[in-house]
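Peer 1: So you can see what is in the structure, the chains are spelled out below.
There are 2 protein chains.
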Amino acid sequence: MAKYARIKNTGKPKVVIIGGGFAGLELAKSLKKADVQVILIDKQNYHTFQPLMYQVATAAIEADSIIHPFRKVFDKQENFFFRLAEVQHIDTAQKLVETSIGLIRYDYLVIATGATTNYFGDKLMEENAIAMKSVEDAINLRNTILSNFENALQLDDEEQMNSLMDYVIVGGGPTGVELAGALSELRKHVFPKDYPELDFQSMDIHLIQSGGELLKGMSKEASVKSLQFLEEMGVKVWLNRRVKSYDGYTVTLDNGETLITRTLIWAAGVTGNPIDGLKPESILKGNRVQVDVYNRVVGYENVFAIGDIAAMVTTENPQGHPMLAQPALQQGTLLGKNLVRLFSGEPMQPFVYKDQGSMATIGKNKAVADLKLFNREIKSQGFFAWLIWMFIHLISLVSFRDRLVVMLNWGWNYFTYNSGNRLIVGHKQENIPITETITHKTVI
Amino acid sequence: MAKYARIKNTGKPKVVIIGGGFAGLELAKSLKKADVQVILIDKQNYHTFQPLMYQVATAAIEADSIIHPFRKVFDKQENFFFRLAEVQHIDTAQKLVETSIGLIRYDYLVIATGATTNYFGDKLMEENAIAMKSVEDAINLRNTILSNFENALQLDDEEQMNSLMDYVIVGGGPTGVELAGALSELRKHVFPKDYPELDFQSMDIHLIQSGGELLKGMSKEASVKSLQFLEEMGVKVWLNRRVKSYDGYTVTLDNGETLITRTLIWAAGVTGNPIDGLKPESILKGNRVQVDVYNRVVGYENVFAIGDIAAMVTTENPQGHPMLAQPALQQGTLLGKNLVRLFSGEPMQPFVYKDQGSMATIGKNKAVADLKLFNREIKSQGFFAWLIWMFIHLISLVSFRDRLVVMLNWGWNYFTYNSGNRLIVGHKQENIPITETITHKTVI
Numbered sequence: 001m002a003k004y005a006r007i008k009n010t011g012k013p014k015v016v017i018i019g020g021g022f023a024g025l026e027l028a029k030s031l032k033k034a035d036v037q038v039i040l041i042d043k044q045n046y047h048t049f050q051p052l053m054y055q056v057a058t059a060a061i062e063a064d065s066i067i068h069p070f071r072k073v074f075d076k077q078e079n080f081f082f083r084l085a086e087v088q089h090i091d092t093a094q095k096l097v098e099t100s101i102g103l104i105r106y107d108y109l110v111i112a113t114g115a116t117t118n119y120f121g122d123k124l125m126e127e128n129a130i131a132m133k134s135v136e137d138a139i140n141l142r143n144t145i146l147s148n149f150e151n152a153l154q155l156d157d158e159e160q161m162n163s164l165m166d167y168v169i170v171g172g173g174p175t176g177v178e179l180a181g182a183l184s185e186l187r188k189h190v191f192p193k194d195y196p197e198l199d200f201q202s203m204d205i206h207l208i209q210s211g212g213e214l215l216k217g218m219s220k221e222a223s224v225k226s227l228q229f230l231e232e233m234g235v236k237v238w239l240n241r242r243v244k245s246y247d248g249y250t251v252t253l254d255n256g257e258t259l260i261t262r263t264l265i266w267a268a269g270v271t272g273n274p275i276d277g278l279k280p281e282s283i284l285k286g287n288r289v290q291v292d293v294y295n296r297v298v299g300y301e302n303v304f305a306i307g308d309i310a311a312m313v314t315t316e317n318p319q320g321h322p323m324l325a326q327p328a329l330q331q332g333t334l335l336g337k338n339l340v341r342l343f344s345g346e347p348m349q350p351f352v353y354k355d356q357g358s359m360a361t362i363g364k365n366k367a368v369a370d371l372k373l374f375n376r377e378i379k380s381q382g383f384f385a386w387l388i389w390m391f392i393h394l395i396s397l398v399s400f401r402d403r404l405v406v407m408l409n410w411g412w413n414y415f416t417y418n419s420g421n422r423l424i425v426g427h428k429q430e431n432i433p434i435t436e437t438i439t440h441k442t443v444i
Numbered sequence: 001m002a003k004y005a006r007i008k009n010t011g012k013p014k015v016v017i018i019g020g021g022f023a024g025l026e027l028a029k030s031l032k033k034a035d036v037q038v039i040l041i042d043k044q045n046y047h048t049f050q051p052l053m054y055q056v057a058t059a060a061i062e063a064d065s066i067i068h069p070f071r072k073v074f075d076k077q078e079n080f081f082f083r084l085a086e087v088q089h090i091d092t093a094q095k096l097v098e099t100s101i102g103l104i105r106y107d108y109l110v111i112a113t114g115a116t117t118n119y120f121g122d123k124l125m126e127e128n129a130i131a132m133k134s135v136e137d138a139i140n141l142r143n144t145i146l147s148n149f150e151n152a153l154q155l156d157d158e159e160q161m162n163s164l165m166d167y168v169i170v171g172g173g174p175t176g177v178e179l180a181g182a183l184s185e186l187r188k189h190v191f192p193k194d195y196p197e198l199d200f201q202s203m204d205i206h207l208i209q210s211g212g213e214l215l216k217g218m219s220k221e222a223s224v225k226s227l228q229f230l231e232e233m234g235v236k237v238w239l240n241r242r243v244k245s246y247d248g249y250t251v252t253l254d255n256g257e258t259l260i261t262r263t264l265i266w267a268a269g270v271t272g273n274p275i276d277g278l279k280p281e282s283i284l285k286g287n288r289v290q291v292d293v294y295n296r297v298v299g300y301e302n303v304f305a306i307g308d309i310a311a312m313v314t315t316e317n318p319q320g321h322p323m324l325a326q327p328a329l330q331q332g333t334l335l336g337k338n339l340v341r342l343f344s345g346e347p348m349q350p351f352v353y354k355d356q357g358s359m360a361t362i363g364k365n366k367a368v369a370d371l372k373l374f375n376r377e378i379k380s381q382g383f384f385a386w387l388i389w390m391f392i393h394l395i396s397l398v399s400f401r402d403r404l405v406v407m408l409n410w411g412w413n414y415f416t417y418n419s420g421n422r423l424i425v426g427h428k429q430e431n432i433p434i435t436e437t438i439t440h441k442t443v444i
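Those protein sequence lines, which keep their order, are chains A and B. Note that full-length UniProt numbering numbers the first sequence so that position 274 is 274, with each residue one more than the last. Note that full-length UniProt numbering numbers the second sequence so that position 215 is 215, with each residue one more than the last.
Just so you know, the hints here were simulated from the structure itself, not pulled from any lab data. It should be emphasised that the depicted structure is a prediction, and the values quoted were computed from it without experimental measurement. Note that the Cβ used here is the ideal one computed from N, Cα and C, for glycine as well. Check each hint, because a few of them may be wrong.
Residues from chain B that face chain A, not an exhaustive set, calculated with beta carbons under 8 Å [what the hints assert, rightly or not]: (1) 5; (2) 8; (3) 62; (4) 64; (5) 75; (6) 84; (7) 101; (8) 103; (9) 150; (10) 153; (11) 193; (12) 197; (13) 198; (14) 421; (15) 422; (16) 425.
Listed below are the simulated DMTMM-like cross-link pairs for lysine to aspartate or glutamate, each with C-alpha atoms no more than 25 Å apart in a straight line [unchecked claim]: (17) B:43 - A:156; (18) A:3 - B:127; (19) A:188 - A:157.
Let the sequences and hints guide you as you build the complete structure.
Peer 2: Here is the structure:
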């Protein structure tokens, strides 16, 4: 018989939240004064501020600045309980969550498991590509990039050398665009100083986008300008192209052309992080969970879903809301208030998404922003957008201390282009051995 | 036939340095203007500022602040070449270093491989203990401590729980003393906030020292005061005790008493990091390499050794100099100057160790320092020593940026006791499974 996880019983209704991303974190905070027991389950002991992950991957800031231990965030919230565990199954009949540390009882369950990288079933891609969904992925990428250059120093075969120095980024959303821009700045200002023996003229950065424009979902102006910025910075952008296969060395595109790289970064799609035990009819395409306007999972009384995993299908949003930080934060906050209303017999308020705009930064003084302020749309590209981007990201970081450290790093980088986090510590991607001789015919 | 590593041939005499610790780094810097080719080989791409490693292990500062990429340190030094490689063997007849990336030719070879943890041949200890010699060890310890508490929450058996909450540190030198002090402060100010469900009254910190005093090598005052500080802070200090064995759970002392812990930190001794290929007669006890007063390895013309690995045996120092940062730094600097003298036919200067004193910090406002300033000995314990300790460590950090970040962390911790680096990222120690039932009779 399965055992129960040990959690102090406070006698209050138990709100169990699975996942401490933006949505789960906001919900837990929003329940601060509620007369409940909040139990947050996550497989990491920290929250990740995902929008700055690409800066960790490109050695601009420390990983520690964008991840924050849950126990510290909530050390003053008495109704909060954290458990480091993996969820295996939920049993909605018994109101139980089955986890790696035992069974956890709930009165209200909130699924906030977010999204995971979508390889669209391509196993070979999953094996060989580097993802960008966790801070460990970002550290992996940083270590891989730096090791590539160390290894490239030892080669004289041109193709082999290019395989280590060239990068292919798949996906022209914010992550892909920001990574491509950051790599391009490193190629110009940092790598040549670190590796004077290598010729960075021959380092190519490819960005592959399946659609006809970058930053789909943003304004036409933002798409056009981000493409222009990247091309000015020497990034090779391939629009209307898909990757057919990648074996860890050769990237084959849908038109048959090939690229050679040992480092393909997959930022091309996400899918809901599935959870076992819900009725199949509540799971929509893309592994998202269908919820009503109160974020209640369709078909359940006391099970909710918020953030990327939740698809609130309405006539306005037939696909649900975009899988972004903003809807997650707003749903988390509202659900906290709605649960309090529910306990006191008041009617819950339906969720209305307030899109405050989006932005992406491509390089120093170069960003694109579509803002919605006071019911006005402000579109900006360039220096002003870049200032706003920095301001918004700084104030969004979880702690004041992190803000200081990141600000310090950014200030430093602005004037010196040289933050000094180019360290190979921990895991890196192990691809096919570098000594192996591979000959290919078609190379772009 | 073995291949050569690819390194640009500048036509200058090649000074190959193995190891980028304090000694190797200083030597390379000291050769900045010399008409030579400096080739530094290290198995990491960064220099580690070891004196602050215990602060990484106790989540006070980020790992990135105390490690620094060699390529960045030397990005303005044109005669400097770095290679990330492991050295397998040196062939002094052919003047070749055999490495994981191929053969490297030298005209002058400098061994600066430092020291490694000495388990005195105890394989079981090596398997089960956590060392404190690298930043990866420190991260491992941080992750292990935090995971221990997460796991302890799930136990009700008292002995099992204690095995996760108690710590045994072996070795009463600076590392052991500083770690014990830092853990004790976390126990008082931080852990109870993070884990309100655990009772930290029952968390024991044991420090085991084989001799009759702590901080051997420092003044009597420092030894006595550090013991007093630690005991006031609730650390259980065991003097004149040795560890006989440790199986990952039970620590058996030389008098037959036992302690239970899953986390034993081994800071009890170091031994020279051996290098293969030197004449056996040049290797002394403790794996150190015997050098003359010019740091030249006895029996060789063009092979030198500096830092912890070098034993300069004189009548004053029958055991060689202490294995500390100061002799390493001073030998590195002097050898750089001496090599220049050698090339220009001038006589080399003999090494004279200038002991500037030593210090250790036990807690907030609590440090011990024996300083030698202007030929006067200044002994201080408490607040003033602690200020000096901070000042010296801050100015010794490699880069200005690191100094800022560390200062920020320290300032933050001073007022809040709460730096927020308590993150479980990357590797942690995997000991015997926690579910396993073990019963022991004698527990102190």
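Peer 1: Take the hints in turn and mark each one as holding or not.
Peer 2: Hints, one by one, checked against the model:
1. 5: Interface hint status for residue 5 of chain B: holds (6 Å vs cutoff 8 Å).
2. 8: holds (6 Å)
3. 62: holds (4 Å)
4. 64: holds (4 Å)
5. 75: Given a least distance of 4 Å, the restraint on residue 75 of chain B holds.
6. 84: holds (4 Å)
7. 101: Because about 5 Å separates residue 101 of chain B from the closest Cβ in chain A, which is inside the 8 Å limit, the hint holds.
8. 103: violated (12 Å)
9. 150: holds (4 Å)
10. 153: Because about 6 Å separates residue 153 of chain B from the closest Cβ in chain A, which is inside the 8 Å limit, the hint holds.
11. 193: OK, holds: residue 193 of chain B within 8 Å of chain A, min 4 Å.
12. 197: Residue 197 of chain B check passes; min Cβ-Cβ to chain A is 6 Å, inside 8 Å.
13. 198: violated (11 Å)
14. 421: holds (5 Å)
15. 422: With Cβ-Cβ at 5 Å, under 8 Å, it holds.
16. 425: Hint on residue 425 of chain B: holds, closest Cβ of chain A at ~7 Å, below 8 Å.
17. B:43 - A:156: Roughly 22 Å separates the two Cα atoms, so the pair holds.
18. A:3 - B:127: Distance of about 32 Å is beyond 25 Å: violated.
19. A:188 - A:157: holds (23 Å)
The structure is inconsistent with the numbered hints 8, 13, 18, although it conforms to all the rest.
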